[in-house]
Every structure is written in C-alpha cells, then in structure tokens.
Amino acid sequence: MRTITGVGVGRGAVVGPVARAHPVPTVPADAPAPADPEAAAEQLGTVFAEVAETLQARADAATGTLKDVLSATALMAQDAALAGQAAAKVREGVAPSRAVQEVAGQFIDMFTAAGGYMAERATDLASVRDRVIAQLEGLPEPGVPALTRPSIVVAEDLSPADTAVLDLANVLGIVIEKGGPTSHTAIIAGQLGLPCVVRAAEVAELTDGEEVAVDAARGTVIVEPDEEVKAAVVARRAALAALAEDTADGATSDGHGVQLLANIGTAQDAERLTDAAVQGVGLFRTEVLFLDAQTAPSEDDQAAVYARALTALGERKVVIRTLDAGADKPLAFVTQPGEDNPALGVRGYRLVRAAPELLATQLAAIGRAQAETGGRPWVMAPMIATVAEAAEFAALARDAGVHTVGVMVEVPAVALRARDVLAEVDFVSIGTNDLAQYTMATDRLRGELVDLLDMWQPAVLDLVAMTAEAGVELGKPVGVCGESAADPVMALVLTGLGVTSLSMSPAAVPGVRYALRAHTLDVCRQMAAAARGALTAPEARAAALDLVDPKVREVLALD
Amino acid sequence: MAERTVAVASKVGLHARPAMLFTQAVAASGTTVTIARPGQPPVDASSILFVMGLGVKHGEEVVLACDDEKVLDDMVAMLATDMDAE
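Heads up: the protein sequence lines correspond to chains A and B, in order. Sequential numbering from 1 applies to the first sequence in full-length UniProt numbering. Sequential numbering from 1 applies to the second sequence in full-length UniProt numbering.
Derived from the structure by calculation, the hints contain no laboratory data. It cannot be assumed that every hint is accurate.
Unchecked claim - With a Cα cut of at most 35 angstroms, we get these calculated DSBU-like pairs of lysine-lysine: (1) A:K329 <-> A:K230; (2) A:K67 <-> B:K11; (3) B:K57 <-> A:K178; (4) B:K70 <-> A:K67.
Because the structure is a prediction, the values reported are computed rather than measured.
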C-alpha cells in the first residue's frame, strides 16, 4: 500500500482499477522518409480504415451526445480527401506521420477559421489525426481509452474534448497529474459528482488495471489499498449517499434546531435554490448588482431583482444585506480614491455618510419588492461599529417598511457591545472573515498571514461567544454567514456557543447537516468550551475535533 | 461535365447530419462529383471535410458537377430537401 498526495476536489471516495488516458503523440522532427513510398501509402490507408472502425465501434456502443460526436469523428477518419491527400504526400516521399499532420492541419485551420460549429469539429479532426499518428508510431491510443468496466481515469491532464467523450457509466473517479482545483477537469468532476484528485504528480507511474482508492476529501490516491481502506471507502460512499438524501431542517440529535441557509449573490442563485434542501438564504450579497455598474442601479431595477429572489424562495427566510462596497469591492460611482487604509475607511454602512441616497434607494426597492411579492425579507447592514449606527440603520429600514432589521457583526466593537446593539435591532449575523480580519489586524488579502486570520484564533472565538451569549440572553437570533459555517467542526462549535443559524455555500450544507444530526447540543457546548479553553488556533480546532463522533470524522474525512 | 446550381434546403445548412448524408450518398454513387460555391474552385463532394469546409448555409447556392446526369439529378434533389427534417 502506497499513498500519493494531490489536491482533492469534493468529499467523495472510490476504489477501482486504473484506466490510463494517454497523451497526444508528437511527430518526431527527424521522421525518416519512407523506404518504399507506395507500400507506406497503402499502409497509411489501412491505418485510417482501422481508426475509423475503432471509432465507429465506440460510437455504436455509446448513446446520446457521445454517440453523435464519435460517429462524426469516425466519418472524418474515413474521409476520402483526408486519407487521399495524406497518401499522395507519402508517395512524394514524406514520412507518413508528418503527412497526416500536415494534411489534417490544413483542414483544422480551415475549420477553425470558419468559427462556431465548424471550429468545434476541428477538435474531432484533431482526435482523428492523433489516433492515426499514434498507431503509425506504435504508441498507445491517445485520450481516454474505451472503458470496458467501471474505472478510475488517470491522466496527465484531460482536455475539454476528452471530458466531453467520457463514458460516464464507467467512470468512477478522475485523477490527474497536473491541473488545479479550479481547472477544467476539476470543475467537470465537481459537476458530475465524481471523486477527483488533481496535481498528483506521482500517479504518472500507475499502470492500467492497478487498483487504487481515491479520496477526494483528503486529496489522496492509495495504490493497492488493503481491506481496511476499502471498507472505509464503502462506508463513506454509503454515508455520503444517505446524507445527500437527507433534506430535513438542521438540528442536533436531541432536536435543538439550527437553521441551515445559503449564501447567494444574484436572483439566479436564488432560483437555483428552488429545489435545494436549505431553509432559506442567510446572506444575499446585493453588491453584485452594483459592482459592474457605472451608475447606481435604479430603484425599479433593484426592486425587480429582489422580487425575483423573494419569489424563488417562497415562504423561506431571506436575509438581504445592504450594499457592502468599498475596500476590496470598489464601486465606480462612489468609492473615494486614495484611501490609505480602505478596509478601515468609508465602506459598508459608512457609505451613508458620503452617499445617503444609495441606501435610501436600496431600502425603498426592498420595501417595494416586499409589497409586490408578499415576502418578508430580513434586512441587515454591513460594517456597523456603534450602537448609534445600528439604531440609525434600524430606523431607516423600518421607515422603508422592513419588518425584521439586523446588523452584521464584523467589527470587534460591535461584538463587545452586542447586548446594546441587539437591543436596537431584531437580529445580528456574524461575518467571520471580516471579524477575524479586524480582530487580528490582518489584511484578508495577505496570503502569508493566513494563520492569523484563522477563525479558530481564541480571541475571535471569544468575540463570537460574546455575541452569541447576548443573543441567547435577549432571545434574539444570532447567525453566522462566513464560510467558517461550512466547516462541520466549526459549525458544531458555533452551535454550542448559541448561534441559531449557519449560512454557507449550498454545496456545504449536507455535510454540516449530517454533523449536527450526529451530536447533542450538550456535546456541541462541550466542544465550544474545549475550543475556547485552548491557547492557539490549531489547539482549539484539535480540542473540538477530539469530541467529534468517530463515524462523522470518517464520513466527512475530518482530520 | 454537366453542372447544376441548387440552393441548400436544410435548415442547418450543409453541416452536421445533412453533410454526412450527402457525402455518403456521393461516395456510394461510385462516380466523381464536385461541389463549389458559384465562381469558386470545386472540391470533392464525397469528402465531408471539404463539404463542411465550404460552410454553406441554409438557402445558399452551390454548383454540383458530374459526368453522370442521373447521379447529378439525385444529388441535386437531395440538397433541395431539408435532410435534417427527415
């Protein structure tokens, strides 16, 4: 058993045999002229026919789009002009591989120049060219081989053309030597729900048929896994499948409810949630409406967008955050240039000082969307620093007809005076990324300081705890809408601290729901106490993780 | 060599499935048929690569040429129907 490490995409795991995809062949620069041009030309004709036959056989075995793509490709391999012109060049003394490359190249250029549909066909033609050259040079068939059994596709990298012809019924997972978590292959694997590990350079040594266990959550590929590893994969697959089926509201095992909500940026995002198992939207970032605009969007335009989102979510909760621009999110029509410390400058709610009409228009638009749809959005302001600001915002929002008004807790000053702030508003929502940035005096955009920005920093946990305690005391909701809510261990700690809702990217919800369901509120409280008792961020996480149910750790690969 | 001009009836033009059906029919005829845009050099009509490479759209005219009048008539009739609709 040997472990190869890469970067995992998703949480899945799978065991299966390796099916290697081979790279595109290159024509040797010094390919010799054929000794017998006539015989070589004839042999080239045979190779074209064989390639066409192979492609046609694969087309016959396929269905849908894949069948069409392969049929068209097979037809190109039989094309009289392609094979005929290449053979003519060979008769003139050109090496067969080179002849194929040159003739196919002319057609590819012609197709590419035509654009659109024709340009897409250029890919099919390139595939014919590569197959013929590989066969001429005695190399393995390029691209993903025909899969005769469920396999794990291992490649240097996969092109969009390769992934387009993947026989999904037989692909268990994908491992590539190159690429990154945002590369084409990783994105496709994510969409297809296939366990995927990228940037695993050592898989270059793997050969066809070798058994491997791919663990996307850990980013590992285990070669020749033992029975224990295989059993763990089976258990994880069963648990992940069950967890995707679970659409119930978020709650601990003893029934303490914690709302599971989604973070969204557009009305389209809201529409995608129609059938999703989330209890609503915990953060609707409205700045997406503004960021690309050269002038402030009108009340009509905004009202239409908010109405669409409210309609999509129906009876479910929707928390709209008013414009959070400035700092790393500049706005063409309002950002003040030349701020020395933009993160500490006129951003978020503070824009009301420079351009009060922006907030007035936005609140009016929300009020209208509410009246038109019958929805009851919650509305909150970002970057509130004082009780007075919270009170001022609450008054403005209520004047616009908003029923439930809140503020974000991002500035430590607000966490420290959470009780007083909550007395003015109906709820608060903690933005953990900004709260960590301002507590630790650490720029969010400085990668080398990432350890200081850690949400597990004891001081940050203390501020979250103070805020949650104030909420419990006043009986008002305290949510968390930073990505830290997506970490199942942190989600348990936040629950233990008294947080009442967790908002995250929709894909993270099933894992958090499952973790919650496996622990009592009391255990969550113990985790919170253990984390707060630690002196460093890594110790805080380790202390909480120690109390996580072993099965949950296994299923979600938490370590 | 006899020549005929015909407008391509297929909605998608002489691409994809229509191009495939047409070139297969030409190849099956066993004679040489050429196809060209009016005033342009003719290309081998049995080659899907050449035919698709012409980029002929719905309603555009092409010139077919062939020694065998019967084959020529058949091929003209083929292009004059919407092959994608069949």
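Hint numbers the structure violates, sorted upward? 1, 3
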